Amino acid sequence: MTAIPEPPASGQPDPATGRRPLLASRRSFLTLAGSATALAALGCSDDGTGPSMPGEAVVSLPLRTDMDVLKYALFLELLEEDYYVKAVQSGVLSGAVLTLATSVRDHESAHVDALQSALGSAAFGSDDVAFDFGNAYANQANFLATATVLEQTGVGAYLGAIGLIQSKALRTTAGSIFTIEARHTAAFRAYANAGGGPVPNAFESPMTPEATVNAVVATGFVTRGL
Amino acid sequence: MRNAPPRLIHFDAKELDSVSERRRFLGNLAIAVGAIGLVPMIRRGAGIGELLAQSGGETEPGLSDTDILNYALTLEYLEATFYLRADSTGPLPTGAIVAAIDPDGMGAPGTVPGLSGRMAPAPATFSVPTFVRAVRDHEIIHVLALKSALGANALPRDQFAFDFGTAFDSAANFMATALVLEDTGVTAYLGQAGNLDSLAILGTAGTILGVEAEHAATFRLLNNQPVSPNDADFDSPKSSSEIVAAAGGFITAAPALPFP
Numbered sequence: 000m001t002a003i004p005e006p007p008a009s010g011q012p013d014p015a016t017g018r019r020p021l022l023a024s025r026r027s028f029l030t031l032a033g034s035a036t037a038l039a040a041l042g043c044s045d046d047g048t049g050p051s052m053p054g055e056a057v058v059s060l061p062l063r064t065d066m067d068v069l070k071y072a073l074f075l076e077l078l079e080e081d082y083y084v085k086a087v088q089s090g091v092l093s094g095a096v097l098t099l100a101t102s103v104r105d106h107e108s109a110h111v112d113a114l115q116s117a118l119g120s121a122a123f124g125s126d127d128v129a130f131d132f133g134n135a136y137a138n139q140a141n142f143l144a145t146a147t148v149l150e151q152t153g154v155g156a157y158l159g160a161i162g163l164i165q166s167k168a169l170r171t172t173a174g175s176i177f178t179i180e181a182r183h184t185a186a187f188r189a190y191a192n193a194g195g196g197p198v199p200n201a202f203e204s205p206m207t208p209e210a211t212v213n214a215v216v217a218t219g220f221v222t223r224g225l
Numbered sequence: 000m001r002n003a004p005p006r007l008i009h010f011d012a013k014e015l016d017s018v019s020e021r022r023r024f025l026g027n028l029a030i031a032v033g034a035i036g037l038v039p040m041i042r043r044g045a046g047i048g049e050l051l052a053q054s055g056g057e058t059e060p061g062l063s064d065t066d067i068l069n070y071a072l073t074l075e076y077l078e079a080t081f082y083l084r085a086d087s088t089g090p091l092p093t094g095a096i097v098a099a100i101d102p103d104g105m106g107a108p109g110t111v112p113g114l115s116g117r118m119a120p121a122p123a124t125f126s127v128p129t130f131v132r133a134v135r136d137h138e139i140i141h142v143l144a145l146k147s148a149l150g151a152n153a154l155p156r157d158q159f160a161f162d163f164g165t166a167f168d169s170a171a172n173f174m175a176t177a178l179v180l181e182d183t184g185v186t187a188y189l190g191q192a193g194n195l196d197s198l199a200i201l202g203t204a205g206t207i208l209g210v211e212a213e214h215a216a217t218f219r220l221l222n223n224q225p226v227s228p229n230d231a232d233f234d235s236p237k238s239s240s241e242i243v244a245a246a247g248g249f250i251t252a253a254p255a256l257p258f259p
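Residue numbers (numbering that gives the first Met the number 0), protein chains in the order written: chain F, 0 to 225; chain X, 0 to 259.
So here's chain X without its partners, still in its complex pose:
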């Protein structure tokens, strides 16, 4: 996990300007989603430049603290949407409504076949569905917190669209995708730890980052994996371009993004 992920699909962003090309791409994405984390992003909008050939953890001096918060918000939108599409039942955290968290998720299943029957690995006995719903609520709370911090500068959710391919077809697919999303979130936050100027924002981001790491470790246990990727002693910071390469395949529409 320490190296930039290889890309399974190579494409020219310009090709994706047409609806048919985008549809073809989504078809490829559905095939590639079995190798989640290895798909590239559909890159749209004036603020999205070339994929940068950066090494892991390289600092990104062009990003302001506001940019970095919007980067975090994008990832939290992605995660909150993912879990809401997996489980749309029960009350949401105060201040959250489905239409605001997932305005493009009209066809979302809201349940994952087999998830309710999943058992925690012994000697753990926690309820897997209860844990998944807790994670959903955490991610929604992170969205609300980041939007509140950004105020009028927050990127609006209704300008994004997300597609998770076959992730909700089975409990196994869901678990594997959740693992990748959470590990990606950890490396994304970590990659910006040295780029933030405000110590207050650094501290706040840290309180979220740690929880993403806890989610990641639990999903790793549920996937019969060691708590860190390859049982690593350290988590690896990743640059925004590496994150886009790893998770951007789930983003099918986005406003002009400040990164990268």
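So that you can see chain F by itself, here it is in the shape it has in the complex:
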């Protein structure tokens, strides 16, 4: 977790970005309420970096329907896609790491496309979300450490949500994305020379949607969409 910047002390603007952190109270509200309207109101905080439109949170908890799960997955995939698009453009990656990042970027884009297609008119897109990954592109080591955490979170998120999916066919589709995320995780751990090696555990750890959203909010990466 070392590459993820510590959120500034509660309510204080981040010295690097001038951006206020997402508030802890908002986090618990997300978990408890899941009201898109209320979240939008919270998003329009006085720091001026909330949704530029009277925007909506693209994910609402708890996940009640298959569409809810798909939206949750789409949000996570948009986050990952943006992370790798910016990483490839950053100029700090080289060699095998650049090759891997480019490949992973394309995988995540395909996941976004597939989820948007499945959601149809209920889909949202990159205009509805925005991310700031802080110092993740300061150097290749930072990129790898953050990539490892993002992928591991994606793996836990899919695993924690697959049992919420009613459609058995959709479970298989989610699984076929989940395993790609797991592949990414191992590859980034390998190149990051993570302690414990590329595959440190015999079992994956599922994360509930609530835990995942809390973890994502805690990174401070999300500037619009939650």
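Keep in mind that the hints are not guaranteed to be accurate.
[Unchecked claim] Among chain X residues calculated to face chain F with C-beta under 7 Å, some are: (1) T124; (2) A192; (3) D234.
Note that these hints are calculated values from the structure, not bench results. In this text the structure is predicted, and so the values were computed from the model without any measurement. From the three backbone atoms N, C-alpha and C, an ideal C-beta is built for every residue, glycine too.
Since chain F is already given, all that's left is putting chain X on it; use the hints.
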């Protein structure tokens, strides 16, 4: 990798009833093992029917959750045996003994020539032998977990026999075979994700599946391959008959199997 693998060897399962025919088949298998993953299975036992002409990922409504767990156990037996024959050194996970994991592996080498000298691809620096031993232990832990879940319904290991041909002759052979086994495991688990009824079992199977995918990706890096087959954006679910066609060549004896 999205299509059913072509078969290099065509045979009639009835021919294999005689010992000599089985021996001949194993000879062919040793030749074919260079094209691992493309060999058919020796199909024995009352529960093994015709190879089904199923398309990838087609659901298999005839399989119960117990059947699917035994299917997973079979694949984990195969994998645990494979890695134990590649490295039988060092302590095994708690509760595991060699004679129980690999009762038919008396002639197993226990080492692979050249494996200790293999380097991880830069900028990775992990120890390849340490990674292989970790994978071995993961697969043994998966066996123990699935046996525990199945209880008295678990297919007994001593009714299986496995033969990996020339896989342990060189580090290159070993790496290539490991890649195929792990990728096959991923597609096998994935193929059953929509067939499980119990959400608890689905979740447990998922915790194993993800680790198989991680193994697969690492062996792909070690083989200078992209992390997914053909750099695919999605993994492909495969039916049990497709898995039997891809990995069954390593299975030289099996009890009556519920699949396919």
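Hint by hint, here is what the structure shows:
Taking 7 Å as the C-beta cut-off, the interface hint given for T124(X) holds, the closest approach to chain F being about 5 Å. The interface hint given for A192(X) is met, as the beta carbon of that residue sits about 4 Å from the closest beta carbon of chain F, less than 7 Å. A hinted interface residue such as D234(X) counts as satisfied when its beta carbon comes closer than 7 Å to some beta carbon of chain F; here the least separation is about 4 Å, so the hint holds.
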